[in-house]
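If you want the building blocks of each chain, they are given just below.
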Amino acid sequence: MPSRKKKILEERSRRWRRMERWAQGWAIYKKNFLGRIGLVLLSIFVLMALASFIPPLVDPMYKPMSGVDPEITASTGPSFRHWLGTDFMGRDLFSQLLAGARVAFTVGIASAFVSIVLGTLIGMTAGYMGGWTDTLLMRTADIIMVMPTLLVVLILAALFGQLNIWSIVLIIALFRWPGVSRVIRAQTLTLKERPFIDAARVAGASHLRILFRHIMPNVLPLSFLYMTFRVTAAINIEAALAFLGFGDPGTVSWGMMLQWVWKTGYMFKAPYWLLPPGICISLITLSFYLLGRAMDEVLDPRLRKEGERY
Amino acid sequence: MTSKLKKILVLGVVTAGLFPAMTVFGGSNPVHYLKAGLSEEPKTLNIWLASDRWSLSVLSQIYQGLITRHPETLELTPWLAEDLPVYDPETLSYTVTLRDAKWSDGSPLTAQDVAFTANLIKEFKIPRHFDRWSFVKAIEVLDPKTVRFVLETPMAIFLSRTLATPIVSKKEWEPVAQNARNAEKPLTALINHEIKTPVGNGPFSVKEWKEGAYLFMTRNPHFFGSGQKIGGRVMGPFIDGIIFKFFGTSDAAILSLKKGDIDMFWWSVQAGYIEDLQKDPKITLFKNERSAMYYMGFNLRKPPFDDAVLRRAVAILIDKGFIVTRILQGDGARMDSVVPAGNKFYYCPPDTVWGEGLSRQERVKAAWWLLKEAGYSWKTPPVNDAGAVVKGRHIRLPDGTPMEGFTILTPPADYDPLRAMSGTIIQEWLREFGMPASAKPMAFGSLIDQVKVRREFDAFILAYGKLSLDPDWIRSFFHSRHDKVRGLNMSGYHNPEFDRISDESATVMDENQRRERVCRMQKILMRDLPYIPLYTPKMIEAVRNDRFSGWVNTLEGIGNPWSFCVLKPEAP
Amino acid sequence: MALLEVEDLSIGYQTDQGILHAVEGVSFTVDRGRSLGLVGESGCGKTTLGMAILRLLPQNGMVLKGRILFEGRNLLELDAEAMRRIRWKEIAIIFQAAMNALNPVHRVADQVAEVILTHEPETPREVVRVRVEALFDQVGIPRSRMWDYPHHYSGGMKQRAIIAMALALNPKFMIADEPTTALDVIVQDQILKEAKRIQEAFDIGMIYISHDIAVVAEVCHDIGVLYGGHLVEYGDRESVLDTPLHPYTRMLLASFLTVKGKAAKVSQAPGDSPDLVHPEPGCRFYERCRYAKAACRLEPLRYVAASPTHRVLCNRCA
Amino acid sequence: MELWRYARQRLFQIGIIFFVILTILFILFRIAPGDPVSRMIGPEMTTEDAAHLISQLGLDRPLWVQYVYYVKNFFSGNFGHSFHYGRPVIEVIGDRLPNTMLLFTTSVMISALMGVFLGKIAAWRKGEKTDTVMTLLALVTHTVFLPWMALILIWIFGYRLGWFPINGMISEEVWLNPTSGFFAKSVDVAHHMILPLLTLSLIYFGSYLLIMRSAMLETLKEDYILTARAKGLTEKVIRNKHASPNAALPVVTSVGLSLAFSINGGALTETVFSWPGIGRELVFSVSNNDYPLAQAAFLLISAVVLVSNLVVDILYAYLDPRIRY
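From first to last, the protein sequence lines stand for chains C, W, Y and X.
Position one of the first sequence corresponds to residue 1144 (the numbering used here), numbered consecutively onward.
Position one of the second sequence corresponds to residue 35 (the numbering used here), numbered consecutively onward.
Position one of the third sequence corresponds to residue 35 (the numbering used here), numbered consecutively onward.
Position one of the fourth sequence corresponds to residue 43 (the numbering used here), numbered consecutively onward.
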């Protein structure tokens, strides 16, 4: 069947084009100096997160939450035994810092992922369906958008007792989709007018098929871009929450470490304790942000216009 | 130099120049204002609403009770009253004669004021106070200086608790009460009444409250104690006033103290600052006992903690010494009875101190032995056949069912990091033993709701920060009568023997007989363990020693009315 | 002395792949009162040429060799300030995308007045106002619309406003870069006539850049045809139109004659655009030329003069 | 006028959104397990005390009755009494709000002005050292963890150098001194404000700089910039008159959109520096189960965000003549 053959060919060429696009994107990304820095930083944090499993195996006193050095009962500075020193009850700061990387990734990526999935689905639906659905979804987005996420999570944390890390992830996600959905909606609106959507509609494709088969692949890169920014937001909110003392007590996050140093009175005395978690939060945010910016350049051809004017 | 830069520099110089100039004020006569740091701003100056310690700190300078406690002996000492009242067993009544005292507006304190205060509490059922007055049948004004209280039943706490109630001025409060009576919600109207400058008869009175910044009190010229000798001390106040500064965070307060911006920080200093402060020659630290109980409570109404054996095993597993040295950084004492050891008269050492002096391994073995005897079993016992301690797994109740996961509720870290941390550590100890414990810090309001109102919980860690020296509260905490929604018996502890002794203790008027009852109660509780007392923290306060001296140490620290009445400025 | 003389001008762009030779070895002259039409498909270097004269090439663009003489002075050697003074005062430009050539946040009349105030700062405000009004009258924009913002204007009006702006200082030379591309046919016609009238009335030298040979044929005295950065044919209008020598010119004219009015199709003539980053030494039209021989690709090109006013860059035509 | 009609329409929408938030808040605070009275009275409270107080506070009425009262009171301007302070909520907020406004508007203004100014220069010098340094600085301050930076500033300027107070907004020495006039008091507040202001401004300035820089780069590619150049305008005029007004528009929008985010930062800063503002009060009231205060504070913050968004939109329309509603 010639039409079938054509379809296969088309599919193959589309796939090829997509791969080519990735390769091209990577080529552009590589040229972005800050983007490269972001990637390097990020891989350091990934390594830290992976390494966080090691210290407790070496000695139970390196358990980030419950392990204490039997010989140390107060905060001490860096030593061979404790590379970054110990906290006020003799727990190893370095293993806490490593565990913090794991928490940051978990929180950041999980909540960004959920909010992106939500935002993309809602944005696509609103843009594609239009009418009442659109109005309803977008007004909801407006309402959520004006609420300061941190304070909302704070209120919920206070009202419903301490939240565990997954509820925090979920709440951040629930309050962070509107920004994404607006962008995706705008993108969907322009896509909707493109001929290939019309063609698909004429060919009798169902709404669902059009949404997922034709529109989604085109908005996904944008969603992916937004995900990097959402990751930074989520990490920051979790850290701030923990810093204020509303974090999940069962996890050692960097915000929690800062809260301990602040609340136990070691702030002026223990720079080895005050500095590392703050630097880590800031740098992981920076690295995701740089990643996002570099990706933005890859995705947004407008920025590549320079030098193309003849 | 650019003009912009110049401007900035000039502004900087002006700013810097202004500040030293501002530190001196008051003219030729040196005035001595004590600057005291509070960790939070007082919420209100309405004595009937105030429940936070900051408001109470300020109000304790203003409103006074008839009786107080001597700082060293802790014995009852007459305060507004001229003498300790005498009990007449015939009529079940106390007669109190008042000192010659004046309100800060100059009008005299009369028996009418005392009667008015008591009646106000009884009429409006003012929370926190009403309980202490509910058994007072009548208040009779015999003459302007004498008042007689007639009780319904003999009640041991009348002297120490009821008569410590702050007395308010009838002149000031009568119109307020009248308005409140006409309101739809009388009590709400009363406690929501705003008071800017309360009329009291304490050593100081409020001059100015700048919200969010400071509260300025000046010496009350009409203070009844001035020049008198009370409790072996000549009363002042010898300072001209107190400026309370509000700090939201301890770091700021400690910094101010070091710089000399405040003379005293009225709050327990965290361990982290202590070493630094000790090095400072201008700063003196005071360590005092507290009348506080930090404890772990259980829900005795349902498994698994309805079994006293299990509670005992938990008590063995909890290393209080560890908590004190590690989490409290040594600034506290382990607690082995519900009465704090600082309360020397009523404290009784228990017969058995669970797990005393044992190492971690020995604790595990002891607890394991105890539970094994009681029929508990494990999938992997915490002590293996060779007698070595291993990680236990899946404990089973005597009836063979696996123990379900349970939570230990604690206050959140922002409220009290130490208790939150203790919860986590206890969780780890129990888990090593094979118990499915998980610590869950919870916002305070939710925690109270869970424990007192809904009563859906397994275990919790809470504290009583300021237990009165008279241990009448033991009865409230553990009497089966108080096992109800919002009741104080949070564990749901029922023990008829205990109920009987505690009821007896309430009405025994002889101190020594009462003490014997209280001892028996303590021993019963330490056997049944509805609560495991964990620790009593120390009160560590820091003051500058270059401006004022004469702080009075007592239980609960130097921040007491005695201190403020006798404090003297250092000679310049 | 000619008003504008371009001599052997080569322009390149720095790109990732190397230097892109956008214009190579172009020479032409424009006299006072004369107009030159530069025609060619997009990417042929015609806009680059226009920008180079005003030294407005983008950052990665550079003049590789050659001279641009304006009234005898080499513009390429002037310092930035001297060049700034020449811009608009002496040489004005009407842009391709007139739609976006006006700043959206300033009123149109202000933008015209700004030109006068920049170059003749002593002019009293009142005089400026009168002159601006006169200019708007001249291009036929009602005075009531003068103080509108650009987005209130139609495309034609914007283009007129730009022309008004170009005339504000009575420049000696004007470059019109596809001034009518975005407009509909009727407006296009009006604007063209207007441009021609003004050029003649003020005795201005002018370069008219277009992809549409029909437009150029209508307006200009001379025609230059650009292909791949080369000026492949250059001569007076009659010679070029009547006896086109270069195969590319012929191709342009042929499509113009067959589908008159729809000349835009030309740019989609068969064959790919030449690679300007690694150009062959020979003819760049080689691949699309139906007369091409193997040698065309490699032989260095030279101009062949058909008449004193007409030359062509084709070794075959010789 | 069209703009007026647009504003009215938006105000109506804001009203609806506000009502929805109001309702959500009510529901949230009522279904939450917290027990306000236990926090009010303290652990010595007896069952009788609590029951009495609960009925006195009207918390024993059915939920829908409470809701009706709540909405009714709300629209008659009565936010109730704070459980904690015993004062009308409106008064507490009235005390705190000006402090927040002072800190907040100053910091937004400083950071926006600095961001716009430096962003302009960075874009103009794209690729040069100035640009690299400024972009990096902006990136770092933009992504640094706010409370941590506040702590570091406290550590350096408060503890090590001792230059600035780290707590509150006034010092009693100045305010209790009868000779200090308005000027001395203002200087005192300014002195206290420096560190929190520095924290907030540093954090926000980065994002404004980045937005301005990229907007400026976009703008510089526009045709009218080329026109401006061809017109022989000086570079300074091109940059300041033709490029930056267009480029500053996205900054205006982002000020509006980032407001909710900024409020998070504001609350954190207020908490760390004990600035007696509404953000800190909200954090407090929330952990104290002071429903009326927390609700009103949150509502107020939402209202401020909503209205500011509207103001920003109108401002945008005013700045950009292309936009007409």
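Do not rely on the hints blindly, as some may be mistaken.
Claimed, not checked - Covered stretches of chain X (in silico footprint by chain C; criterion: 3 or more residues with CB under 8 angstroms from a CB of chain C, positions within the stretch not fixed):
1) 180 to 194
2) 324 to 337
Stated by the list, open to error - Calculated cross-link-like contacts (lysine-lysine; reagent style BS3-like; alpha-carbon spacing at most 27 angstroms):
3) W:Lys159 x W:Lys518
4) W:Lys179 x W:Lys159
5) X:Lys227 x W:Lys241
6) W:Lys292 x X:Lys227
7) C:Lys1173 x X:Lys227
Stated by the list, open to error - Far from chain X, by Cβ distances over 10 angstroms, these chain C residues were calculated:
8) Ala1170
9) Ser1222
10) Arg1282
11) Ile1308
12) Ile1353
13) Pro1420
Just so you know, the hints here were simulated from the structure itself, not pulled from any lab data.
C-beta atoms are modelled at their ideal positions from N, C-alpha and C, and glycine is treated no differently.
In rising order, the numbers of the hints this structure does not comply with: Those not satisfied are hints 7, 10, 13.
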